[in-house]
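There are 4 protein chains.
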Amino acid sequence: MKDTAKDAGQDAGAAGREPAGPLGVAVVGAGYWGPNLVRNFQSSPEFRLRWLCDLDEDRARKVLGGYSTVQATSDYAAVLADPAVDAVAVATPAGTHLDVALAALRAGKHVLVEKPLAATYEDGLRLVNEAEERGLTLMCDHTYCYTPAVGRIREMVRSGELGDIQFFDSVRINLGLVQKDVDVLWDLAPHDLSVLDFILPDHVRPVAVAAHGADPIGAGQSCVAYLTLQLNNGAIAHVHVNWLSPTKVRTTMVGGSKRTLVWDDLNPTQRVAVFDRGVDLTAPQEIGADERRDMLVSYRSGDMVAPALGEKEALRSMVEEFSGAIRNGRPALTDGRAGLQVLDILEAASRSLEFRGAVVGLRTGR
Amino acid sequence: MKDTAKDAGQDAGAAGREPAGPLGVAVVGAGYWGPNLVRNFQSSPEFRLRWLCDLDEDRARKVLGGYSTVQATSDYAAVLADPAVDAVAVATPAGTHLDVALAALRAGKHVLVEKPLAATYEDGLRLVNEAEERGLTLMCDHTYCYTPAVGRIREMVRSGELGDIQFFDSVRINLGLVQKDVDVLWDLAPHDLSVLDFILPDHVRPVAVAAHGADPIGAGQSCVAYLTLQLNNGAIAHVHVNWLSPTKVRTTMVGGSKRTLVWDDLNPTQRVAVFDRGVDLTAPQEIGADERRDMLVSYRSGDMVAPALGEKEALRSMVEEFSGAIRNGRPALTDGRAGLQVLDILEAASRSLEFRGAVVGLRTGR
Amino acid sequence: MKDTAKDAGQDAGAAGREPAGPLGVAVVGAGYWGPNLVRNFQSSPEFRLRWLCDLDEDRARKVLGGYSTVQATSDYAAVLADPAVDAVAVATPAGTHLDVALAALRAGKHVLVEKPLAATYEDGLRLVNEAEERGLTLMCDHTYCYTPAVGRIREMVRSGELGDIQFFDSVRINLGLVQKDVDVLWDLAPHDLSVLDFILPDHVRPVAVAAHGADPIGAGQSCVAYLTLQLNNGAIAHVHVNWLSPTKVRTTMVGGSKRTLVWDDLNPTQRVAVFDRGVDLTAPQEIGADERRDMLVSYRSGDMVAPALGEKEALRSMVEEFSGAIRNGRPALTDGRAGLQVLDILEAASRSLEFRGAVVGLRTGR
Amino acid sequence: MKDTAKDAGQDAGAAGREPAGPLGVAVVGAGYWGPNLVRNFQSSPEFRLRWLCDLDEDRARKVLGGYSTVQATSDYAAVLADPAVDAVAVATPAGTHLDVALAALRAGKHVLVEKPLAATYEDGLRLVNEAEERGLTLMCDHTYCYTPAVGRIREMVRSGELGDIQFFDSVRINLGLVQKDVDVLWDLAPHDLSVLDFILPDHVRPVAVAAHGADPIGAGQSCVAYLTLQLNNGAIAHVHVNWLSPTKVRTTMVGGSKRTLVWDDLNPTQRVAVFDRGVDLTAPQEIGADERRDMLVSYRSGDMVAPALGEKEALRSMVEEFSGAIRNGRPALTDGRAGLQVLDILEAASRSLEFRGAVVGLRTGR
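Residue numbers (our numbering), protein chains in the order written: chain A, 9 to 374; chain B, 9 to 374; chain C, 9 to 374; chain D, 9 to 374.
Since the hints were made in silico from the structure, they are not lab data.
Identical chains blur together in the list; that is why a pair holds if it fits in one copy or across any two.
Think about it this way: if two alpha-carbon atoms lie no more than 20 Å apart in a straight line, the pair counts; the simulated DMTMM-like pairs of lysine to aspartate or glutamate are: (1) Lys256 - Asp273; (2) Lys188 - Glu362; (3) Lys188 - Glu355; (4) Lys256 - Asp272; (5) Lys266 - Asp172; (6) Lys256 - Asp311.
Hey, can you work out the whole structure from these sequences and the hints?
And the structure:
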């Protein structure tokens, strides 16, 4: 994911390969997430929803409801064979992402995949390579990146408004469904990690990970986990995920040398608060660390600003980005490589968990 | 700290050695914490404040104000020589605790020490041994343990009302004074660790620690730190301390198999909330972990109760406990051994920080 | 609205007049509220949505979207002539409710009307009478009454769990659309007044109203208003509505002699909090008021409980109630008479506003 | 209270009549409020506390504690006869204010009176006149006016930062001590009314009052009350006071044509929030009200700013203002006339309560 791609925002020149009218799209998977995609593709003028495909055709039919003209099917091959289908959105379990998405790419379809991109980094890489070779769009549905709040945070971080990033602390806890095949890290942390990847300036990257977890209820995998990331600029990032908390918390703090912001996704009247206060060493930067250490410390204390944010639904923006990327032949803001970055960290974290918290380096120390 | 001691609560038999009237007390240190001790000793009928001692006698005088009959002095020897002084309260920098407290014990005075008990585990142990040999009270001012909230939490945890402890998560962050000689861990975490020690049942103890920190502002020591503790029952405890946060957070969650509670010290109208919800595996406990893993999971969802708590000032209760321990010759609720437990964890955490998060075992794996 | 009707809850005996399959329904009005009704009728197995009717057929078509099999029309007569239409839901401006609903009733259709029931008490009464004479269901869409929170509050109040009702205080303020033809009282207060009517025990009723308002922006009608209601048991009810507040508040407090509850509709994690505290006169009830006045007052202070509430969408429950009322020939929980009660208060409040806050008696001093 | 006085802020020229050293002061009344005055006079370098006087000398002694050099007495005449006493602070029940304060003024002492200034407007006026005739300082302890929050709000309102004031809404509710001789209005509303008086620009004044109350517990006086004030610029002010609420709320909203602010005194991390949003009629001001009414309405939506506020204790600032007023011979920010304004409104409100909410005009329609 190159910076130019990331910031492409406006889609200047169209690639010209795609139909001028709405793009035909099929959603695969009528489980938890599929219905949200169905709803948003239906309300977008950029898409024409052709199919909802699920192994259980009845389930697909039920999701569409009794008033829909969209076709339900369990025949994925028929979907891929339909020339009116330009793109496929995959909302099946993570373990099937490789097969479902690969088949779509091989059928020449653009692909949107629910997070995580795939069950392993290796699988994810195969998808990325396949899409790049074929010149097709591969996009990850990192939904939170398309909320107005995260969009604004990215802007503030990358423009330097916050100063140098010093810490990132994210808490995502609630009473969760204890799952059979993924632990709490793979279930919840992709949200925080995709946001971290999304907002960081290009030159600041995580380089290593340590993870601690516990399974105090005997579920067979971690139900509580703490993830610590070292960044290449000396900053620290931390993610707390927990399925056992009776209260829901979704709070992310991004500390910068100039300002610090708090994103509280459960506080609709004040989702983002930017604090014009911070700690600063009075010492000039030229002198050595030892001298700085001895110097007095001064404190700034200033106003807090809660910027006005739009109310646009994240999935709607995500769907628009998907069409923009397809039509302009440019990487999506959350393209396959963004999905790979998340997988890299998740795999390293799993390895760290196995080795009781050992620090594990990342492959993508870009 | 034995259970019987910890729960001594009521002081049945008086030791008889102490004066029937108020205990004479001297406060040493007129800095940040000393004035609070002065105020609380003055308002307690159990004590008669004799001296406020500080290297800087003017500072002591200023703390006492222009209307006080208490004596200010910089002559610690004179304080110790005063037979009207039964007890000494130490509120000097941690590095001086050993000398100041040891001198007091050797002069036959009971001693109260501000947290942390000493600068090192070794120093703390010397104090504990000295006090035990002399039959004197050595108490740690773990103030938070004396709040009505923590008292109630201890009751709920130790009575089994919460069920088995599954996780403990504490966040203590704010814009803090970056200090020259201690890092954020030694500055803030003693509060959380003393509370953890205080509320846990006797058979549940931390056994190992890992710590991650960062100094993104070049202060010379960690300004952000994360501490993960393994408990001997498979539970996990975690402490997040941060000097760089513009918002103040003081929230501790204690997760149990029956109930989970949240203590938010900054929410006076609802400091403690007890949630009657949790995750539970439906499987009976007799069957193996593998089978349990495959079973369905059920969710409980119930009411939340915010118990009525008294409004008694913590320092007032602490001062009362000090007099109770002295008069009855019993260990204080937060005695020297409680202080040692905190030092054990802090030292292990410092070692872990040096080795980039390696897990370090505790001495006091009681 | 008789008590037996209000509590009918379960629909014991079916009236037998209605089709066994889904009820055919038409929605009239494709503006702000209509789409919500469309969505909920579509997802209810009890109904089959036949038409969406709007003077602007394009607007209706747009609301239905590009995938719907429902018919859009601007021909209301055709809708009423369709024998497959058993019921009509009216979501047009209040000024048109009388004509639209009356036509539907005269065509033998059951009718659901968005709040307020009509533009005047007189109009509302005509609708009620028409429906009663024809034995048709006339129901008001008092949506908040169908939230899980209000359902629970009603239960607690009417079962006596709260004790005698002492005060009701409701605040509904936000940056609102300043409207051309209704003031803030008619726009927002129907929500609070319908909830008040819904939760009160049958023997406790408002008897008089005073209203104060202001139009500090020169909008031509009150943009801020305060409504005070006297209840027949000496209690007081108060409603604060305001279009000019930049913050959104939706809080209702119901004070009882045993418990007091706070409903905060914007706090999803704790919508209802029940406080087991109250003020109580120690004096026995037998002695006279004068003596009671002189007696000391004691204070109770107890726990707070936030009961677990379901997450069912209010409109879904409302739609179910509509079908239940139709199929069983019983008054709906929020029937036409409930709508009349709200109109009675609104009209009296308008009169009070004209006379600078004079107290105005209600017709329905039941 | 003239504007020049109100804004005197800095005390340029000293009156020269007063001692250069600390002012001798006596506190009368050792009940609920007296101890706070004792503490603050003691810590102020501007004052020397000479006496604490109470009918019950033991109570006075107890308040001073066992370490104080201040004299306790029950002999008020001796206090007034002491030439070292320059000023008297009155913290006795409201019914005694006239006698206690008048005696002090006649003895040539400056006087500070706890709110309300006196039991009646008539009594208050006698005090004001007496002080003016003698050239003595008469000040009301309207404590909230000296909080950093209210100071900042006054600044914002009077500088025009908020635009024209459109509404003022204050809620002050909690479980209160039901009192024998004053109702909830006289007990709690003085706080809100003194703040209103303090922050309003000089040309904006309340002109009439209506009050509604209820005594649902048979206490003999209103325990819940609502006060509506008409201002001379068409704005509305409203105060809700309630002794029966189990939750404590202290929230004041000040709506202006440019900005609206919310002061939440119980939210220490965000006491004042200023919203850069409001409703505005797009119509230019030149055209008539009728045309404006028909025009579309536009909405602004902007950022929210929570200004940094100091943490200075209000009583400390109040005590400083008292000494400033005495030493400079200028009216205090909350002088006797400010106290009169509050009494005027309270008396009119009581009359309105008697007449079931009738609108009552104010004397001080300045």
